[in-house]
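Can you build the whole structure from these sequences, using the hints too?
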Amino acid sequence: MTDLTAWVVQGAGEQLRGKRRLVLLAAALLVTSVGATAAGLVLELWPVLTGSGGGSA
Numbered sequence: 000m001t002d003l004t005a006w007v008v009q010g011a012g013e014q015l016r017g018k019r020r021l022v023l024l025a026a027a028l029l030v031t032s033v034g035a036t037a038a039g040l041v042l043e044l045w046p047v048l049t050g051s052g053g054g055s056a
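The numbering of the sequence shown is numbering that gives the first Met the number 0, which starts it at 0 and goes up by one.
Calculated directly from the structure, the hints in this document are not laboratory data.
Among the hints, a few may not be true.
To be verified - Pair by pair, the computed Cβ-Cβ distance ranges are: (1) Ala5 - Leu44: 54 to 62 Å; (2) Glu43 - Ala11: 24 to 32 Å; (3) Leu28 - Thr49: 26 to 34 Å.
The structure displayed is predicted, hence computed values, not measured ones.
Yeah, the Cβ is synthetic: ideal placement off N, Cα and C, and Gly gets one too.
Printed below as a string of structure tokens:
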């Protein structure tokens, strides 16, 4: 009984570690994606923000 419990706990721990790795990977991808989008947005809006753009804005 104790061996089975230990095995289940160890298995659950490994599952949690795997999920944590997945969550970290997803978070890293999300941050990268959001960062790239924000960078693209800033680059597009930079002339407007700085007033150096040729537009009427």
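Verification of the supplied hints:
1. Ala5 - Leu44: 54 to 62 Å: At roughly 57 Å between Cβ atoms, Leu44 and Ala5 fall inside 54 to 62 Å, so the hint holds.
2. Glu43 - Ala11: 24 to 32 Å: violated (47 Å)
3. Leu28 - Thr49: 26 to 34 Å: holds (31 Å)
Hint violations for this structure: number 2 only, all remaining hints satisfied.
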